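**Q** Below are the chains, spelled out letter by letter.
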Amino acid sequence: MIRFALPLAVFVLMVGLLGYGLRLDPKKVPSPLIDKAAPSFSLAMLEDPSRKLSTGDMTGQVWVLNVWASWCVSCRAEHEVITALAKRNLVTVVGLNYKDKPDDAARWLEQFGNPYATSVIDSDGRVGIDWGVYGVPETFVIGADGLIKYKHIGPVTHESLEQKIMPILKELLI
Amino acid sequence: MKSLLMLLLIGFLINPAQAAIEAYEFDSPEMEADYNQLVDELRCLVCQNQNLAGSDADLAQDLRRETYEMLQQGKSRQEVVEFMVARYGDFVLYRPQFKSSTYLLWLGPFLLLVIVLVIVVRRLRAAAKPIEVDADALADARNLLEQDEPVNKVESDK
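Protein chains in written order, with the numbering used here: chain U, -4 to 169; chain L, 35 to 192.
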C-alpha cells in the first residue's frame, strides 16, 4: 500500500506547491518597509520649487504617496483612478514625480488633470531608492503614526482601489 | 549581399550590454573588488534575472551609483548590503543571508541528501540480508522438486 501512497502523496504535494507558485506574480516583491516608518524626505514642490514638502509636514494625518512620471505609460492608465481617490477627499494624495523633467511633468498634469495636493520633485530618484521604488507607478498608504501601511506595485485599478486600498484607508480613518 | 553581411556582422559587434557600463574610478583595488562583488551579487529588481552588473535598467544604474558612492564614503560591503535589503527586501540578494527564515533554503539540499542516503542504506542492508525461510517449508519444496511425477496433473494434458 505504501508503495503507491508515498509517491502519490509526494506528487500531490508537488502539484499543490507548483499550483500555488503559478498564482504568484514574481514582479511583485513584498516591501520590507510595511509597518516601518516612512523614509523621510524634504523635496521641492513641482508647482513652486521654492517651497518644500517634507514627511514631517504630514505627520498626524493619513496620506497617500503616488509615484508617477510623465514618461510612465501605465501612470496614464491609473491616473483616472488616482483622480477618483483624490475626489473623495478622504486623504491627502501626494505625488512623487520620479526621475522626470519638471517641464514635462507640469505639461502632463495640465493635459490629464492634477489630482495631487502637491507633487514633489525627485529628479535623481534618490528618494525613490529610499522608498524601495523599483517600478513606476507605485502607491503607498501612510498612517497618522507615520508608518507605511500598504504598498501597491503597478497601476492602481478601480478594483484594487475598492478591494485593497479603500478598506485600509477606512480602517485608518476610523 | 556582401554589404548586408557586413552590416549584420557590425550589428553583432556592438553589444548594448557592454555599452552600459560606467567608468568609475576607485581609490584602491580592494574597493574596486568590493564594488565588483556587490554589483555581481545584488539583483536588479526591474529585470529580475539579472544582477546589477549585467542590467541596463535605469534603476540598476542608480543602484550602481549608490553602491559606488557608499563605498567611496568608506562604507563596508556589509553596510551596502544592509542598505539594499532595508529598501528592497531579501529578494535583492542573489546570495541569501543565513538566518532563521532561510535555514531551509541553505540546509534543505543537505537534509534531502541525508534522507536519500538513509533510504539507500536501509534498502541495501535489506537486500544483503539472507531471506529467512521456514525449514519445514524448504524441505517440502525440495521433496516436490525431486519427485519425478508432477503432483497435480493437469486434466487437459492427456
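No wet-lab data here; the hints were simulated from the structure.
All values derive from a computational prediction rather than experimental measurement.
The beta-carbon is built from N, C-alpha and C at its ideal position, and this holds for glycine as well.
Treat the hints with care, since some could be wrong.
Only pairs whose alpha carbons sit at most 25 Å apart, straight line, appear in this in silico DSS-like list of lysine-lysine [as the list claims (entries may be wrong)]: (1) L:K163 to U:K31; (2) U:K23 to L:K133; (3) U:K165 to U:K47; (4) U:K144 to U:K22; (5) U:K31 to L:K133.
If we take Cβ atoms under 7 Å as the criterion, some of the chain U residues that face chain L in the derived model are [said to hold, decoys possible]: (6) Y15; (7) V24; (8) P27; (9) G120; (10) G127.
Just a few of them, taken from the derived set where beta-carbon distance is under 7 Å, the chain L residues facing chain U [stated by the list, open to error]: (11) E75; (12) L79; (13) C81; (14) R121; (15) G123; (16) F144; (17) L145.
**Q** Please go over all the hints and tell whether each is borne out by the structure.
**A** Going down the list of hints, with the structure as the test:
With a C-alpha separation of about 62 Å, the suggested pair L:K163 and U:K31 falls outside the 25 Å cut-off, and the hint is violated. This hinted pair checks out: U:K23 and L:K133 have alpha carbons roughly 23 Å apart, not beyond 25 Å. A C-alpha spacing of about 29 Å is found between U:K165 and U:K47, which places the hinted pair above 25 Å, so the restraint is violated. For the suggested pair U:K144 and U:K22, the alpha carbons sit about 20 Å apart, so the restraint of at most 25 Å is met.
About 21 Å separates the Cα atoms of U:K31 and L:K133, which keeps this hinted pair within 25 Å; it holds. A cut of 7 Å between beta carbons decides the hint on U:Y15: the least distance to chain L is about 16 Å, and the hint is violated. Evaluation of the U:V24 hint against chain L yields a held restraint, the C-beta minimum of about 5 Å falling below 7 Å. For U:P27, the suggested interface contact is upheld, since its CB lies about 4 Å from the closest CB of chain L, less than 7 Å.
Look at U:G120: its Cβ gets to within about 5 Å of chain L, closer than 7 Å, so that hint holds up. Evaluation of the U:G127 hint against chain L yields a held restraint, the C-beta minimum of about 4 Å falling below 7 Å. Interface hint at L:E75: violated, since its Cβ lies 17 Å from the closest Cβ of chain U, which is beyond the 7 Å cut-off. Interface restraint check: L:L79 against chain U, minimum CB-CB distance 4 Å, threshold 7 Å, status holds.
Taking 7 Å as the C-beta contact cut-off toward chain U, the hint placing L:C81 at the interface is violated, the least distance being around 10 Å. Evaluation of the L:R121 hint against chain U yields a held restraint, the C-beta minimum of about 4 Å falling below 7 Å. Evaluation of the L:G123 hint against chain U yields a held restraint, the C-beta minimum of about 4 Å falling below 7 Å. With a cut of 7 Å, the hint placing L:F144 at the interface with chain U is violated, because the nearest CB-to-CB distance is about 19 Å.
Given the 7 Å rule on beta carbons, the hint for L:L145 is violated: about 15 Å separates it from the nearest Cβ of chain U.
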